[in-house]
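What follows is the residue order along each chain.
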Amino acid sequence: MTRNEAASDTLVIGGGVVGAALAWGLARAGERVTVLDDGDIVLRASRGNFGLVWVQSKGANMFDYARWTRRSADLWPEFAAMIGEETDLDLAYEKPGGMHFMLSETELEAARARNFAMKDVTGPDDYGAEIVDRHELDKIFPGLGPDVIGGSYGHHDGHVNPLKLLRGLHIAMEARGVRYVSNARVESVAKDGAGFAAETAKGRFSAAKVVLAAGHGTTELAPALGLDMPLRPEKGQILVTERCATRLLPMPTHVLRQTDEGTVLIGDSHENTGYSTASYTPVLTDIARHALRCFPALAALKVVRSWGCVRVLSPDGCPVYHASETCPGAFAIACHSGVTLAAAHAMELAGVIASGSFGDRFAAFHPRRFSHAQAH
Amino acid sequence: MRSVDVVVIGAGPAGMSCAVEASAAGLSVLVLDENPAPGGQIWRGIETATERRGRILGPDYGAGRTVAQAFRASKADYLPSALVWNISTEKVVEYSHRGASHQVQAGAVVSATGAFERPNPLPGWTLPGVTTVGALQILLKSAGLVEEDAVLVGSGPLLWLMAAQLVDAGVPPKAVVETTPKGRVLAALRHLPRALRARDYLWKGLALMRRVKAAGVPVHSHATGIRIEGKDQAEAVSFAANGRRVRIESGHIALHHGVVPNQQVTRLMRAEHVWDASQMCFRPVLSDMGETSVAGLFVAGDGTGIGGAKAAALQGRLLGLRLAARAGRSVAPERIERLSAGLAREGSVRPFLEALYAPPAWINAPEDATIVCRCEEITAGQVRAAVDLGAPGPNQVKSYLRSGMGPCQGRVCGLLVSQIIAAKRGLPPQKDDYYRIRPPMKPLPLTELAAYRPEGAK
Amino acid sequence: MPKRIETGGATVTFTFDGRPVTAIAGDSVASALAAAGITRLRDSVVSGAPRGIHCMMGACFDCLVEIDGIPNRQACMTLAAEGMTVRAQQGAVSVSEGGRA
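Residue numbers (my numbering), protein chains in the order written: chain C, 1 to 376; chain D, 1001 to 1458; chain X, 2001 to 2101.
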């Protein structure tokens, strides 16, 4: 397998949005990168997600995560423009703000309290989430259902076509010389001399550094590199409608999003069914009912497809970034919000990884926080 | 929730036959079929076809009448115009009927959903006026409608059958353009001795060709480089044959390159499939009993691999008896033996036909500029570029391009995309090289989904 | 040109883009339109290219038309009925605020 011996600075394990964004960023930092990806039918959260670039409510339990999310949202316009320029592919990124519909006083009060608690999170720069009443909502969303009593509007929220993002990253990283090897499931990865070597279905690959960004696939590979990646699966099901020529939604909401192609994505569920991606109809009907309650105009549309996908969640729902203490040069990156964080991953985290060490950055995202929690 | 021993999906030859036998043996059977009347595609309109239609369509079509009558007389519960849109792993079958969705718990699910015509990705194949040959035949069966001056293009028994039926209907096709490559007869000859066990098929086939030629229909052989011309409507078909370019004007071009199993149900349930190199399609892996790798999911008829209507009916009957025996009902073993022997005889002609009418390689390898996904208008070149980018298989291609995401949900392009990817790899398609099929199996109104209250819903 | 091989039988009448179409009992919307010589049923959602019937068995979704106000219905899978209002489609579905197509 001589072609595998081409020298790489970094192996990125995982070719989803997280891995591809890091690979592109590492290449941009001047590195020679090889991305090892699995086959066609694996969990692949990057193919099943909703496409929100979402700030409000993220990191309510960890302000460092809130700030990091906001940082990414701020970087997104430049990031989308760069990928667009390098690929001639419009990612359909928009930043019109985003709405979280509230259907009860309890929900509305909780949102109000959360927005208040987070108002100073980003310092003098306003957090940018506010409660809007029904009257204001009607001006933004003509045709809103009677049960929606208010909403939380996030100024920094937006959305992107996540499938175009994945494709765009793959094209852009290839254009920057990244070698993308699919159908190369990594069986093991370990320290190898001064660097690291991965054994895959397509042979052995080695490099000076290694980044695990394989979603749930990371958990199994991590221990051999002195990395800790406690992740739990959570299924979300999504419905998608036929294409609709009418622009129904002027901005994304947390459960409804109209894509640039006109289809409407309808989410979302939170199901503890392990790594299963199986469809479960009772939940799909709940999703349909909730969507029609929020937005009766959807009644004219047909559902073309549904799918289930498994979220990559840490115990507290916030990202886990770990630079190995025992194997310097090995990193593991996992998060639920690979789309939202793509800009920060590509434009900042990748540069830090290229430097070889986190230093004291990302201390908040270290997995040691979970062992502390257990100790108490 | 209603519960039955067997849910049969599809009321064609296999589905009806299975229902007849299983219900006669005492099993409770529910047959769900999307069409308004029994017969499937091969026996479409069988209960309403006039005598004249029956004469044109011939005795093989007429044979469906007896099966449909037995089916109507059986104890099986038959629900026409019922679209199955999901089947859970616990074999809860969910279907739409008259605008509302329902569920039924099946002891066993029989997929008898037959076949689709192989896609014909040729330049111009999306124009109005371009149909499949099967579509022409459905128009004749269900509406007594024929197209004058149609040009039939492709290969396979159905091409000749349709041509002969148009001759008999008094509207001979303007031409038959056969795409079977040279040398196929020779390649097929080694299967001839076995095929002679079912020689009536061979005589029938030859008779059809003679009838078409005797009617003065121009026949062009070994055609390649087929293009359909026209701006907003098919106007002509052109091709190369015998070393020269031929152009035939017609507003109706009918294409056919054989049929392939409909995999929607078996893929939805994630049953194991295997690539059949002889039939150039996927088929589900089945036990001797007809059971897929998913316990309780069975397949009968062309969905198991193409065998034709007679074989499908025999398979259906056999499966009906076997399901009854499995449920502890008494079934005479001689009946199973007799049906198995009949099925073996039916199958003996297939290797010959498959070798003779194997689609030309180019039909599965369209030009870069040709559309393969008709819904989302994705070209073969775009699929190839996605593979070059590193897509490991059809689902990644689907994500990159939206191929297979339109309303037909990959029914038309699925097999093609798998083959284009495989050709780029230089290997035959692998067993999982197919789109993941997800519910609903056909588009379903959001309001219907919202109004549906399956067990377990809030 | 399309031609019926039989005459007689009960008929139903519906309209296609306002033009009356006569169907015989048992016709699908698609076969009735084919018999009337109407081949262009819609313009595709991506490029706006003309499309008509293709498979006639509910697989290809190319014969999508609007029937009685409901878009994207398969003409080949819908029986023609007296008084139906059938319309050709241009591109994707449009929706009004009230949820009517």
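The set of hints was computed from the structure by calculation and includes no laboratory data.
One or more of the hints may lead you astray.
[Claimed, not checked] With the Cβ distance kept under 10 Å, some of the chain X side facing chain D (calculated, not the full set):
hint : residue
1    : Cys2055
2    : Asn2072
3    : Met2084
The C-beta atom is built at its ideal place from N, Cα and C for all residues, glycine as well.
**Report entry** Numbers of the earlier hints that this structure fails to satisfy, in rising order
**Finding:** As far as the earlier hints go, only 3 is violated by this structure.
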